[in-house]
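Peer 1: Line order of the protein sequences matches chains H and B. Okay, so the first sequence: first residue is 1 according to our numbering, each after it adds one. Okay, so the second sequence: first residue is 1 according to our numbering, each after it adds one.
Hints were generated in silico from the structure; no laboratory data involved. No incorrect hints appear here.
Keeping only pairs whose Cα atoms sit at most 30 Å apart, straight-line, the calculated BS3-like set for lysine-lysine is:
1. H:K264 - B:K226
2. H:K31 - B:K146
3. H:K264 - B:K87
4. B:K185 - H:K102
5. B:K121 - H:K102
6. H:K102 - B:K180
7. H:K31 - B:K121
8. B:K87 - H:K102
9. H:K102 - B:K146
10. B:K146 - H:K95
11. B:K146 - H:K264
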Amino acid sequence: MSSSLEQSPFRRSAFARYRHALWLLTARDLKVRYSTSVLGYVWSVLDPLIMSVIYWFVFTQVFQRTAGAEPYIVFLLAGLLPWMWFNGSVSDATKAFTRSAKLVRSTSIPRTIWVNSIVLGKGFEFLLALPVLAIFAVLAGATLSWEVVFFPLAILLQAVLTVGIGLIVAPLVVFFRDLERAVKLVLRFLFYASPIVYDFADLPAAAQPWAAFNPLAGIFSLYRAAFFPTELNWSVIGISALISCAFLGLGMWVFSRCQRSVLKEI
Amino acid sequence: MGPVISVTDLGIRFRRNIRGRRSFKDLLSSSARRTRPGEFWALRGVSFDVSPGEAIGVVGRNGQGKSTLLKLVANVLMADEGTVTVKAGVAPLIEITGGFVDDLSVRDNVYLTAGLHGMTKAQVTQRFAEIIDFAEIGDFLETPYKHLSSGMKVRLAFSVISRLEEPILLVDEVLAVGDKAFRTKCYKRIEELLAGGRTLFFVSHNERDLERFCTRGLYLDEGTLKLDAPIKEVLAQYNKDYPTL
Numbered sequence: 001m002s003s004s005l006e007q008s009p010f011r012r013s014a015f016a017r018y019r020h021a022l023w024l025l026t027a028r029d030l031k032v033r034y035s036t037s038v039l040g041y042v043w044s045v046l047d048p049l050i051m052s053v054i055y056w057f058v059f060t061q062v063f064q065r066t067a068g069a070e071p072y073i074v075f076l077l078a079g080l081l082p083w084m085w086f087n088g089s090v091s092d093a094t095k096a097f098t099r100s101a102k103l104v105r106s107t108s109i110p111r112t113i114w115v116n117s118i119v120l121g122k123g124f125e126f127l128l129a130l131p132v133l134a135i136f137a138v139l140a141g142a143t144l145s146w147e148v149v150f151f152p153l154a155i156l157l158q159a160v161l162t163v164g165i166g167l168i169v170a171p172l173v174v175f176f177r178d179l180e181r182a183v184k185l186v187l188r189f190l191f192y193a194s195p196i197v198y199d200f201a202d203l204p205a206a207a208q209p210w211a212a213f214n215p216l217a218g219i220f221s222l223y224r225a226a227f228f229p230t231e232l233n234w235s236v237i238g239i240s241a242l243i244s245c246a247f248l249g250l251g252m253w254v255f256s257r258c259q260r261s262v263l264k265e266i
Numbered sequence: 001m002g003p004v005i006s007v008t009d010l011g012i013r014f015r016r017n018i019r020g021r022r023s024f025k026d027l028l029s030s031s032a033r034r035t036r037p038g039e040f041w042a043l044r045g046v047s048f049d050v051s052p053g054e055a056i057g058v059v060g061r062n063g064q065g066k067s068t069l070l071k072l073v074a075n076v077l078m079a080d081e082g083t084v085t086v087k088a089g090v091a092p093l094i095e096i097t098g099g100f101v102d103d104l105s106v107r108d109n110v111y112l113t114a115g116l117h118g119m120t121k122a123q124v125t126q127r128f129a130e131i132i133d134f135a136e137i138g139d140f141l142e143t144p145y146k147h148l149s150s151g152m153k154v155r156l157a158f159s160v161i162s163r164l165e166e167p168i169l170l171v172d173e174v175l176a177v178g179d180k181a182f183r184t185k186c187y188k189r190i191e192e193l194l195a196g197g198r199t200l201f202f203v204s205h206n207e208r209d210l211e212r213f214c215t216r217g218l219y220l221d222e223g224t225l226k227l228d229a230p231i232k233e234v235l236a237q238y239n240k241d242y243p244t245l
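With the hints as constraints, model all of the structure from the sequences given.
Peer 2: Below, the structure written as structure tokens:
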């Protein structure tokens, strides 16, 4: 028998325990999501796919589109897939504590895990939906450029930003239930305020400096650079990185200040 | 050997009414010591040490902070003042069915819950047969958890948590559920664990159970530790203060 089997669980490092629990929770969410519906995995593809087709139809067939880039469906998907990750994570983070209240009350794992497992789970769904982007890129004849190497950087930045916002939203919702609906509203606004159906460069010149403070702008341009190298705008990306890190810092501060009260409340 | 649980000057307060005003400033302020209007101290000024292998019974009327104390030791609540230092792993029999997921099978649930309480996959596999055997649930391994009877759910949960190889065991009146035969089994399991040198922290209203398992008693009254003495003395004092009619 290996020595690891005899080792008592409390002797594992706190980090190893956290990582294991994070993995278990994420796997649990994916398993429940995929095993309780007939279509399972297809749903995480179908949702962004239908949305893309709708926007593609509205903006290329109904309206004469001038924004974005060719092929438009690839341009859309490259923004819509990461948006779904962000949107899903933040709106689920509003329910992070209420949904698993019983588990929070009975386990002593560091409480950030309830936010992190949501972001990780939605992140996996995002990765699993990427083949759709690849398929459409091939079908529409988009050329892959070397800038695809920035994809991991975009994922990292988005994870930092999303975790940061999740850490702010999750504990505050416990005390201010209104925040749950407010977040939904802000997300809907943010969908159109971020360069998803259009390009950052399509904005009026006067609006661009303001829009650059939306951290999603830089992150989406990093994703899009894989097919549209002209998208890269390093000053916007730099601002995104700074703001994302600031959100993470603020999130960690808010979370550590609130968690004592959160535990009493749930 | 030093104490395995060390509680110093512990205090925690709660809001008295749900509708009490909350503001961002309150939430984010660091001044934990100030008592705000509408709040009360559920526990205050509680200090004690527990040596490894001790079996401690917590006694008190309803609402005197027994479960709160247990949760503070389990680190699922955080103290507003003072410190709780727990030097070893804890197996908390508190809300034991909390981690189970309705839509997953019994097998998946065992791995999930045991894992969340710190067991590795290999450790769970090693104890899996024992867990299922103890819960008497062998025929339902692939059944979704939601289709189990409530008795089965509690049996399974107790079985998983009581197999955690942690040196400290926290028990919060979970034994009030389940049929007589299973309760007897649970008691035997707790005695086994005690014989194996575990530290026990036991909250109960049942004097027979307290005398059976515990050697030392903590008597909580109005949020303070009124008496810390051998369990017989503690129960005698408790009965003197609150005589049964």
